[in-house]
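Chemist: With these hints in hand, go ahead and build the complete structure from the sequences.
There are 6 protein chains.
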Amino acid sequence: MMIHLTRRERFNAAHRLFNEDWDDKKNFECFGKCANPNWHGHNYELFVTVKGNVNPQLGFVVNLKRLSKIIKEKVIEKLDHKNLNLEVDFLQGKVVSTENIAIGIWEQLEPAVKNIGIELHCVKVVETENNFVEYFGS
Amino acid sequence: MMIHLTRRERFNAAHRLFNEDWDDKKNFECFGKCANPNWHGHNYELFVTVKGNVNPQLGFVVNLKRLSKIIKEKVIEKLDHKNLNLEVDFLQGKVVSTENIAIGIWEQLEPAVKNIGIELHCVKVVETENNFVEYFGS
Amino acid sequence: MMIHLTRRERFNAAHRLFNEDWDDKKNFECFGKCANPNWHGHNYELFVTVKGNVNPQLGFVVNLKRLSKIIKEKVIEKLDHKNLNLEVDFLQGKVVSTENIAIGIWEQLEPAVKNIGIELHCVKVVETENNFVEYFGS
Amino acid sequence: MMIHLTRRERFNAAHRLFNEDWDDKKNFECFGKCANPNWHGHNYELFVTVKGNVNPQLGFVVNLKRLSKIIKEKVIEKLDHKNLNLEVDFLQGKVVSTENIAIGIWEQLEPAVKNIGIELHCVKVVETENNFVEYFGS
Amino acid sequence: MMIHLTRRERFNAAHRLFNEDWDDKKNFECFGKCANPNWHGHNYELFVTVKGNVNPQLGFVVNLKRLSKIIKEKVIEKLDHKNLNLEVDFLQGKVVSTENIAIGIWEQLEPAVKNIGIELHCVKVVETENNFVEYFGS
Amino acid sequence: MMIHLTRRERFNAAHRLFNEDWDDKKNFECFGKCANPNWHGHNYELFVTVKGNVNPQLGFVVNLKRLSKIIKEKVIEKLDHKNLNLEVDFLQGKVVSTENIAIGIWEQLEPAVKNIGIELHCVKVVETENNFVEYFGS
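Protein chains in written order, with the numbering used here: chain S, 1 to 138; chain H, 1 to 138; chain P, 1 to 138; chain D, 1 to 138; chain C, 1 to 138; chain E, 1 to 138.
Just so you know, the hints here were simulated from the structure itself, not pulled from any lab data.
It cannot be assumed that every hint is accurate.
Pairs involving identical chains hold if they fit within one copy or between any two copies, as the list cannot separate such chains.
[To be verified] In silico DSSO-like cross-links for lysine-lysine, where the CA-CA straight-line distance does not exceed 27 Å:
no.: 1; residue 1: Lys26; residue 2: Lys69
no.: 2; residue 1: Lys94; residue 2: Lys72
no.: 3; residue 1: Lys114; residue 2: Lys51
no.: 4; residue 1: Lys114; residue 2: Lys25
no.: 5; residue 1: Lys69; residue 2: Lys25
no.: 6; residue 1: Lys65; residue 2: Lys25
no.: 7; residue 1: Lys78; residue 2: Lys65
no.: 8; residue 1: Lys94; residue 2: Lys65
no.: 9; residue 1: Lys33; residue 2: Lys94
no.: 10; residue 1: Lys78; residue 2: Lys33
no.: 11; residue 1: Lys26; residue 2: Lys94
no.: 12; residue 1: Lys25; residue 2: Lys72
no.: 13; residue 1: Lys114; residue 2: Lys72
no.: 14; residue 1: Lys25; residue 2: Lys78
no.: 15; residue 1: Lys74; residue 2: Lys33
Modeler: Written as structure tokens, this is what we have:
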């Protein structure tokens, strides 16, 4: 019996939308005020959905504390109260869009989640109350 | 790498549930207080989900402002502060249920979204905190 | 020991902003799209705050069911799935603004709340996620 | 035209995470403070998603009141203001995890939903703002 | 310059509404399903508001971590994943209503908050999305 | 009849907690990860509450669009997608805490609100779902 289990974590971070191959003029044309070189920031919400069978003795797909610990160690500690452009190894050289943040988080989490015998199903990143992205791994 | 991107927009509107082939008695039997001929209304929330590959230079499936502009022009301007039964071309002759609102919004958005090279994935319409519908296009 | 107790109720209704002493042109100038003669509507949230001492045997300022029953009988039944301009006795002849809705609700509730030995403290009406009013009775 | 329709209901209940084949020591090791023999509790949110074609005369997949009545009769009355371990027939002998609550609710609802000609798509149970599960029936 | 600062904490707990001087029949008459002897429970939200002047060097009324630590030590550790009737020293002998929970929390927090040079202004306890209480200390 | 009217606006910004009279070591001791010299950021919510009598012809304390325009011109345009430490004139030389942001916003808004004949009652700034401040002007 396959269950989807979702854990929410949060991180507050600074970023700018910026393609390092372009000059400031082109960055402003493409990204508007999000290109501000002095940065802006968000309260990001991260929803990590895993799926798997229910362990009959525990009643769990996976212990939530164990899942939360993986998410915190692999991504939240790297993202929270950080500058996403300057300080996050897995976002180096990318435009730090919500899309790329979600893909980067997936790549950090996927091996660790597989390693405990379950499957990563979705990484959802909410940037504001009006926009979010979901990545399902391909 | 396929990403789902969701944009929320809102509209406040009046409507009634009402089948014009029926008399008031039958409308009240089927729709209860929602059939009130003097109308009632809602703060509707609209979540539009598109999917596509991430543009490597922009980091986007689509620029959110461009998506938001399409949604506003194609649907919000027609729905917001309007009477959904009387004033909305794409709802004429239909029961103005949340289901039909979602289908109507899909039909308005789908060609415009395809036209900018991405795919419409889901139209979700939230009528109250206790009920919403999702339409995936077929 | 004075406690403030708040109960939330909800109502979905149609209205328009409209001063019956003015012509349509002036109503549109003052109220914009909210003056639409075909109505629009909202999911209103109503927060009723009462205050009083805690009954030592019950642990309550007032039984919530009793308070909820008063709110439903005195205001929700008159407002929910109604046209606030046409169908609500206590709003007749007024501009149906959030301000006047809150004052009208206060006047409906205040005698009934006093009658059960507690005090009405605040009527808060939330029209959208971006605006609400509070009325404290004078 | 297939539509997904979701109805939210809520229930407040006590439970503990506890495997009756284990002693208290092992239960605490596996479930931590959630194993407290004196119970704890939650405000659970239940989102029931059904799918089906839109009835052209009604504009509905199913009348929301009818769906809500089924959910209340089949599950909410059994769960609300109850002890999930002691008082719920369909959870007897199971670890009362969010996963097992969702599966149990599915099994209660699925025949009744099929009986009115629509299909149960998803049972989502939200235990806290930070975790929820979804069950799709297999 | 007096600022009000509010910190939210959460606790999940079991309770029943029950006056130990009454028999079960009277408890059910007064408290309805909330009197269930097998308990039920809630996700409580606690909003603690303090007030004070802004420290010009820190920009704070009080460091949020320090305030959060006091709330956790004085109340959350005693309440979270507990049975409020059986396990909480400061609620013994009282009806465990939201009102009495708020008053009890105030009495736990007030000396500790005064001890760090600020003033406790309000304890707000949210039991469900539809009801909450506020206590201002007298 | 005095009514309190509240308008919500939002801004996304970068900041750091930092006292320019201190070295990095002392800033980290006092502000922890919030002192990160590479900045972090938030989705701030701003609730502006004004009070006044209801204009009998308009039904308003003040037209919401007029209030919203003042808030946007006086504060949101200066704060949104900005670095609060580097780019905001009214925060220069201050620790950019939520407290000081609220006081600064008050000082920007108060003359403009008075100028249209109403009174500023409260500026509430929500930094995360777990903390907010309120300033009442003294």
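Chemist: Each hint should be assessed against the structure and marked as holding or not.
Modeler: Each hint tested on the structure:
Taking the closest pair of Cα atoms, lysine 26 and lysine 69 come within 27 Å of each other only across two copies (21 Å); inside a single copy the shortest separation is 41 Å, beyond that limit. Proximity of lysine 94 to lysine 72 under the C-alpha cut-off of 27 Å is restricted to the intra-copy arrangement: shortest distance 22 Å within a copy versus 30 Å between copies. Taking the closest pair of Cα atoms, lysine 114 and lysine 51 come within 27 Å of each other both inside a single copy (10 Å) and across two copies (26 Å). Taking the shortest Cα distances, lysine 114 and lysine 25 never come within 27 Å of each other, neither inside one copy (43 Å) nor across copies (29 Å).
When the C-alpha separation of lysine 69 and lysine 25 is checked against a cutoff of 27 Å, the pair qualifies only between copies, where the shortest distance is 23 Å, while the shortest distance within a copy is 42 Å. In this assembly of identical chains, the alpha carbons of lysine 65 and lysine 25 lie at most 27 Å apart only when taken from different copies (18 Å versus 46 Å within one copy). In this assembly of identical chains, lysine 78 and lysine 65 lie within 27 Å of each other by CA distance both inside one copy and across copies; the values are 19 Å within and 21 Å between. In the homo-oligomer, the alpha carbons of lysine 94 and lysine 65 lie at most 27 Å apart only across protomers (21 Å), although the nearest pairing inside one protomer, at 31 Å, exceeds that limit.
Taking identical chains as interchangeable, the C-alpha atoms of lysine 33 and lysine 94 lie at most 27 Å apart whether they share a chain (18 Å) or sit on different chains (24 Å). Taking the shortest Cα distances, lysine 78 and lysine 33 sit within 27 Å of each other both inside one copy (25 Å) and across copies (12 Å). For the identical chains of this complex, lysine 26 and lysine 94 are intra-copy neighbours only, at 16 Å inside a copy versus 34 Å across copies, given an alpha-carbon limit of 27 Å. For a Cα distance limit of 27 Å, the shortest separation of lysine 25 from lysine 72 across copies, 26 Å, qualifies, whereas the shortest one inside one copy, 37 Å, does not.
In this homomeric assembly, lysine 114 and lysine 72 come within 27 Å of each other (Cα to Cα) only inside a single copy, at 16 Å, whereas the closest approach across copies is 35 Å. For the homomeric pair lysine 25 and lysine 78, the shortest alpha-carbon distance between copies (21 Å) is at most 27 Å, but the shortest distance inside one copy (30 Å) is not. Taking the shortest alpha-carbon separations for lysine 74 and lysine 33, only the inter-copy value of 18 Å comes in at or below 27 Å, while the best intra-copy value is 30 Å.
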